[in-house]
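Model the placement of chain B on the given structure of chain A, informed by the hints.
2 protein chains.
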Amino acid sequence: MTLVLDALPGLPEVRPGDDLGALLRGRLELGPGDVLAVAHKIVSKAEGRVRALADVEPGERARALAAEHDRDPRHVQAILDETAELLRADRGRLICRTRHGFVCANAGVDRSNTGDADLVLLPERPDASAAALRDALGVGAVVITDSWGRPWRQGQVEVAIGCAGLAPLVDLRTRPDRGGRALAATIIAVADEVAAAADLVRGKASGEPAVRVQGLANFVIEGTQVGAAALIRPPEDDLFR
Amino acid sequence: MTLVLDALPGLPEVRPGDDLGALLRGRLELGPGDVLAVAHKIVSKAEGRVRALADVEPGERARALAAEHDRDPRHVQAILDETAELLRADRGRLICRTRHGFVCANAGVDRSNTGDADLVLLPERPDASAAALRDALGVGAVVITDSWGRPWRQGQVEVAIGCAGLAPLVDLRTRPDRGGRALAATIIAVADEVAAAADLVRGKASGEPAVRVQGLANFVIEGTQVGAAALIRPPEDDLFR
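Residue numbers (the working numbering), protein chains in the order written: chain A, 181 to 421; chain B, 181 to 421.
Isolated chain A (complex conformation) (with noise of 0.2 Å):
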């Protein structure tokens, strides 16, 4: 078996209100089969999730966060409209977990200073736009990354925030290993293993934040039902709270 990722190249700066299926569509050849990673800045971009720090009137906890935490404070009142929950704040950090239930440093708000868009959020349904994306383009599926820290690791990594055509998690229960076994708990969280893959071949700064990956057709489903959502773990099930 095997996985070939490529980045689309060339794509121009995406502004609210653009058509992001028409702006990635004939950069590079998608078929059925194919999944395409897409980093959310894009969306949110085109789907108009962005704000100027100008306009931002940062409230009374906001400015005591900022404070303490030696932020901007438009910025943090940004973060805070975002957030359901603050679990943590630290030297500077805010972990939050957003109104989609994410669990992420500042809610996924990054700053950008592209045009008036100091301020880029998430998109409000990552799974919706993934699949309004996946009918847009006729791929079998589209994941909708951000970059996330870790618990107890260094480093980001590219997660799935949507999803749509892909399953998400793939439980490899059933299957026996080679002594006849079945395998205990081993469920993949396929579409993130995808954003991270996706990441290794898109330059960052370079305006590549789309990627085909081909050679997934046997993890592409029919129907939009499962989304990115599905990766959310219920904090009653949570270890690590």
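Quick caveat, the hints were computed from the structure, so don't treat them as lab data.
Per the computed footprint, the stretches of chain A lying under chain B, defined by three or more beta-carbons under 8 Å from a beta-carbon of chain B, are:
1) 182-188
2) 328-342
3) 366-372
The C-beta atom is built at its ideal place from N, Cα and C for all residues, glycine as well.
Quick look at chain B alone, frame taken from chain A:
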């Protein structure tokens, strides 16, 4: 930029004392720009890092934990033997800090039922194992991998527990983004992303524990002074303790 991943076909069952380099050589062309991702299980087996359940004598703590969590007390004892600190024990799951400093379920001690190796441990010095294999095969880099669960996310992803010849962490902070602004705090855990990517082509149950990755020559480095140990976040810097 293109990334191509191929599983090495047809590896036989690995036994203690086997020459892993000799077993892997010749199954697929391997060059000095290639990265080879290898599931730790075959490294551990070749190095004799296996135990027969029947040889494990559970102590008092193992018996108590096993009773409380409905586990085999001999397996629990083998886990404790590899554990520097037991961080959590909940609903049958033991989250351990291994003597290497890794935080993972069961201290990486997996059940297996091939030959006499009922239990497969992690390699004692995975970075050294990776370096030896890199030298034996003449590849650019070797990454030794394991499947781990994560806080807050469902499913397992493959991560790097050993690595030689590959930059495990790549700091993109100094690269300006398209607006000319330096990217903040973007340190990519490249070795973990390689591990995750390789997992997508590896038939878990089909005897394909090694995957050749082509197209990562820009991450290949000289020397072996940096390994996967660099991916361990120091406990005092960990927000999630």
